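**Student:** The lines below spell out each chain.
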Amino acid sequence: MALDQSFVGRTYPATEPYEVGREKIREFAEAIGDTNPVYTDPEAAKALGHPDVIAPPTFVFSVTYRAAGAVVNDPQLGLDYSRVVHGDQKFAYARPVRAGDRLSVVSTIESIKSLAGNDVLSVRGDVRDEHGEHVVTAHTTLVARAAEEA
Amino acid sequence: MAARISYDEVEIGTELPARSFPVTRADLVRYAGASGDFNPIHWNEKFAKEVGLPDVIAHGMFTMAEAGRVVTDWVGDPGAVAEYGVRFTRPVVVPNDDKGAVIEVTAKVAAKDDEHRTVRVDLVVKSEGQKVLGMSRAVVRLA
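Heads up: the protein sequence lines correspond to chains A and B, in order. Counting from 256, one number per residue, gives the positions in the first sequence under my numbering. Counting from 73, one number per residue, gives the positions in the second sequence under my numbering.
It is worth saying that the hints were derived from the structure and are not from the lab. Being a predicted model, the structure only gives us computed values, none of them experimental. Warning: the hint list may mix true and false statements.
[Stated by the list, open to error] The following label-pair restraints were derived from C-beta to C-beta distances: (1) 350/A to 81/B: 21 to 31 Å; (2) 118/B to 371/A: 25 to 35 Å; (3) 182/B to 290/A: 26 to 36 Å; (4) 125/B to 302/A: 40 to 50 Å; (5) 301/A to 118/B: 46 to 56 Å; (6) 116/B to 400/A: 14 to 24 Å; (7) 365/A to 108/B: 22 to 32 Å; (8) 387/A to 178/B: 32 to 42 Å.
[Claimed, not checked] In silico PhoX-like pairs for lysine-lysine, Cα to Cα no more than 25 Å straight-line: (9) 198/B to 121/B; (10) 184/B to 345/A; (11) 279/A to 345/A; (12) 368/A to 345/A; (13) 203/B to 171/B; (14) 345/A to 180/B; (15) 198/B to 345/A; (16) 279/A to 301/A; (17) 203/B to 180/B; (18) 180/B to 198/B; (19) 203/B to 345/A; (20) 121/B to 171/B.
Note that CB positions come from ideal geometry on N, CA and C, so glycine has one too.
Kindly generate the complete structure, drawing on both the sequences and the hints.
**Tutor:** Laid out in structure tokens, this is it:
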């Protein structure tokens, strides 16, 4: 069943701050095999003008996706999460995420479309630091595949 | 921001160094832990097949992260990336052997913006000869 269009524009309350730690960034950089020292060595990061180690560009998805869970699991919206796949992902950065950031996310439903029986949900996640400064906006498109006929 | 590449040195059509990134089951387990995405389609073969996949597949975000390294290694400072977006068009199937799969990335400068001194880099990301990411683009601030 198609999702309710009246949810377009709905905004969810800001998430509790996610505190970005140096070791978490290191763990993520190692998991993607990226040896750029700007992720692990504060001096290398400072040499490039950053106050501390920065995170790889896709790191923040862990934070925004958790925030988008409020949308995905909204019982009123009624998305069948077992049929959800990741369609598109885009990030627009005001600055890189860095160690010490305390990031909060406000998620907004940007659009709901129905394509060939699939529900296509676009969610915007606006990420701000503890000073209220904009850090990055994540645009996530989730596709709930149509249920097959039994 | 301290990009290593000068805006003036780059032309439309400039190619970035191509890269290949191997991905094994062990890499996916590690990425699941680091990212917090424990969806069993990325580590449980039985579950993946039950939901209609040919085998365990890589996290789309893992593939996006690897492809992005072509851009961040080129520019030097990952903080120079202003935008990065992809479409997940086809899964990267990762067999349960010591070789796994390979993600192959090529990229070139597709547009220049004189006002902001940014360039748009278009990426082509393949595995097994098939495109796995579509509309894969990064906007980068250059020196």
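**Student:** Each of the hints needs a verdict: does it hold here or not?
**Tutor:** Now for the hints, and whether the structure bears them out:
One distance hint, 21 to 31 Å for the beta-carbon pair residue 350/A and residue 81/B, holds here, with the actual separation near 25 Å. Between residue 118/B and residue 371/A the CB atoms are about 29 Å apart, so this pair conforms to the stated range of 25 to 35 Å. Checking the proposed 26 to 36 Å range against residue 182/B and residue 290/A shows it holds: the Cβ atoms sit about 27 Å from each other. For residue 125/B and residue 302/A, the Cβ-Cβ distance of about 44 Å falls inside the hinted range of 40 to 50 Å, so the restraint holds.
Against the hinted window of 46 to 56 Å, the Cβ-Cβ separation of residue 301/A and residue 118/B comes to about 48 Å, which satisfies the hint. Distance hint check: the CB atoms of residue 116/B and residue 400/A are about 19 Å apart, consistent with the given range 14 to 24 Å. The given range of 22 to 32 Å is respected by residue 365/A and residue 108/B, whose C-beta atoms sit roughly 24 Å from each other. For residue 387/A paired with residue 178/B, a C-beta distance near 40 Å keeps the hint of 32 to 42 Å intact.
Note on residue 198/B and residue 121/B: the hinted pairing holds, with a Cα-Cα distance of about 22 Å set against a maximum of 25 Å. The suggested pairing of residue 184/B with residue 345/A holds, with an alpha-carbon distance near 20 Å, which does not exceed 25 Å. For the hint linking residue 279/A to residue 345/A, the alpha-carbon distance of about 22 Å falls within 25 Å, and the restraint holds. For the hint linking residue 368/A to residue 345/A, the alpha-carbon distance of about 18 Å falls within 25 Å, and the restraint holds.
Annotation: proposed proximity of residue 203/B to residue 171/B holds, straight-line Cα distance about 20 Å (limit 25 Å). This hinted pair checks out: residue 345/A and residue 180/B have alpha carbons roughly 19 Å apart, not beyond 25 Å. With a CA separation close to 19 Å, the supplied pair residue 198/B and residue 345/A stays within the 25 Å bound. Distance restraint check for residue 279/A and residue 301/A: the Cα-Cα separation of roughly 19 Å lies within the 25 Å cut-off, and the hinted pair is therefore satisfied.
Restraint check: the Cα-Cα separation between residue 203/B and residue 180/B comes to about 16 Å, which is no more than 25 Å; the hinted pair holds. The suggested pairing of residue 180/B with residue 198/B holds, with an alpha-carbon distance near 15 Å, which does not exceed 25 Å. As the CA atoms of residue 203/B and residue 345/A are separated by approximately 18 Å, the hinted pair is consistent with the 25 Å bound. Note on residue 121/B and residue 171/B: the hinted pairing holds, with a Cα-Cα distance of about 20 Å set against a maximum of 25 Å.
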